[in-house]
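Colleague: Sequence:
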Amino acid sequence: MVGITSNKGRLRRRLRRALFWQTRQRSVLLIGLTVSGLGLAQVCISRSRLAGRFATGDHIGITSSKSLLRKTCPTYGCALYPLEIDDAAIVAALQTEKNDPQSPRGESTLPPLASHDFAMVTRQSKTHAYNQDRAFFFRNFTTNQSPPGLPTFLIGLLDGHGTEGHRVAAYATMAIPARLAEKLNARPCCQSEQWIRSQLVDAFVEIDHEAPPNALRGGCTASISLRIGHKLFVANTGDSQILVMHRLNEEDVNIAYRTRKDKAYLPEEKSRIEGMGGQIHIPPAFPEGSRVIVRSVSVHPPETIGLAMSRSIGDWEWGSVGVIPDPIVDVVDLTALAGSAFVVAASDGLWDLRKPEFYAKLLSRAMFDDDGAVFPSRPLSALVEAIYKAAPEAAKWYRDDMTAVVVRI
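Here the UniProt record's numbering is used: position 318 in the sequence shown is 318, and no number is missing along the way.
Since the hints were derived computationally from the structure, they do not count as laboratory data. For clarity, every value in this text was computed on a predicted model and none was experimentally measured. Hints may be right or wrong, so weigh each one.
Stated by the list, open to error - Derived DSBU-like pairs (lysine-lysine); straight-line CA-CA distance at most 30 Å:
#	residue 1	residue 2
1	Lys261	Lys389
2	Lys389	Lys355
3	Lys355	Lys261
4	Lys126	Lys355
5	Lys126	Lys231
6	Lys361	Lys261
7	Lys183	Lys261
8	Lys231	Lys261
9	Lys270	Lys361
10	Lys261	Lys126
11	Lys361	Lys389
12	Lys231	Lys183
13	Lys126	Lys361
All chains, please: the whole structure from these sequences, using the hints.
Modeller: So this is what it looks like as structure tokens:
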């Protein structure tokens with residue numbers, strides 16, 4: 001755990017940066033921003049505009065040229081991104097999966113957003129102008145730390161909040177894989193667990209520090225799952241969560257691991273924030289609803305705003321009172337789980353509606369048969385079913401954006 005003293009210098013720098021951008025935000029936010037040469041407009045394209053343009057299972061982009069898509073993949077791998085749940089491609093894929101999971105040649109008939117071992121989908125809230133959730137999946141994430149012949153992958157789930165949260169999440173979606181690959185390639189294989197943990201923490205901190213000025217008016221969670229051989233490194237900042245679910249039999253699925261939600265009522269979080277002069281509101285009957293209170297001057301007129309998490313990327317105004325980007329990093333040993341387990345990364349829009357056991361059973365039945373062997377069907381239908389059961393289309397209550405990635409180990 002990072003101590004209060006070690007964070008003071010960084011928190012002061014975040015405050016100075018926030019105050020600097022405050023004076024320039026009106027003009028700056030009108031300019032087309034770029035991050036490492038990548039226009040933010042490119043990564044913030046509405047998903048509805050991408051429908052039907054996902055040309056290859058290796059990479060998702062906005063062009064139908066397979067050769068171009070493959071050429072644009074970075075050296076560490078090709079990313080997959082989710083489509084909206086009501087996208088025509090999803091609807092067609094579900095119908096195809098229901099009638100005939102495979103083509104006569106045995107090839108997948110689904111778009112490159114699902115397979116026998118993974119699925120990903122997102123669903124925008126009806127009350128939101130933008131879907132602020134982002135996710136990515138690298139089926140192979142190749143770096144110097146990847147042991148030859150052993151599996152690797154990288155999962156990312158980011159949930160934006162605030163006026164510019166979707167832009168911060170879009171920035172982090174592109175920046176995290178690139179920065180992490182750069183760090184893991186800095187030394188030859190195969191470094192210690194502690195060294196890899198440090199690279200994950202440093203990547204989050206650097207990405208927060210280098211974020212575009214949108215980070216003054218918003219932020220995002222970041223839940224990252226990096227598989228390197230038989231170990232799963234999980235780095236989490238915010239209140240999105242990653243769960244590792246272990247199938248014991250047809251009816252029993254054990255939650256082998258879960259990330260915590262970074263909330264201000266937790267003792268170590270409360271101590272750090274109050275030690276930096278921060279104010280916390282903790283509802284007596286519902287401590288998970290705790291908020292870090294700041295008088296925001298980035299909005300006009302200034303107003304008092306409560307942040308629902310104690311750690312995040314962005315949210316620079318809260319940096320002066322102890323909200324930090326540093327993730328909690330854990331390592332899960334997959335040796336005893338491989339072949340009968342799966343990872344689920346999802347935003348709080350999903351986890352807040354049903355207990356994890358609900359999703360565990362639904363997804364397990366779609367990914368394994370009665371004997372625990374890999375099922376010939378695909379998990380996309382189960383994931384979509386879980387989302388609709390958790391939040392029916394006709395539901396009258398408020399529903400947040402919902403995004404999930406499920407990957408079989």
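Colleague: Would the pair Lys231 and Lys183 pass a check requiring their Cα atoms to be no farther apart than 30 Å?
Modeller: 18 Å, holds
Colleague: Given the hint that Lys261 pairs with Lys126, test it: the Cα-Cα distance must not exceed 30 Å.
Modeller: 25 Å, holds
Colleague: Compare the distance between the alpha carbons of Lys389 and Lys355 with 30 Å, and conclude whether the hinted pair is satisfied.
Modeller: 12 Å, holds
Colleague: With the threshold set at 30 Å, check whether the alpha-carbon distance from Lys261 to Lys389 stays at or below it.
Modeller: 23 Å, holds
Colleague: Please work out if Lys355 and Lys261 have their alpha carbons no farther apart than 30 Å.
Modeller: Since the Cα atoms of Lys355 and Lys261 sit roughly 14 Å apart, the hinted pair holds (cutoff 30 Å).
Colleague: Hint check: Lys183 vs Lys261, CA-CA at most 30 Å. Holds or violated?
Modeller: Roughly 26 Å separates the two Cα atoms, so the pair holds.
Colleague: CA of Lys126 to CA of Lys361, is that 30 Å or under?
Modeller: 28 Å, holds
Colleague: Holds or violated: Lys361 and Lys389, Cα atoms, limit 30 Å.
Modeller: 13 Å, holds
Colleague: Hinted pair, alpha-carbon criterion (30 Å max): Lys361, Lys261. Please report holds or violated.
Modeller: Judged against 30 Å, a Cα distance of about 22 Å means the pair holds.
Colleague: Just to be careful, I want the Cα atoms of Lys126 and Lys355 compared with a cutoff of 30 Å; is the pair within it?
Modeller: 23 Å, holds
Colleague: Going straight from one Cα to the other, do Lys126 and Lys231 come out at no more than 30 Å?
Modeller: 39 Å, violated
Colleague: Please work out if Lys231 and Lys261 have their alpha carbons no farther apart than 30 Å.
Modeller: With Cα atoms ~22 Å apart, Lys231 and Lys261 stay inside 30 Å; holds.
Of the numbered hints given earlier, the model fails hints 5, 9; all others are met.
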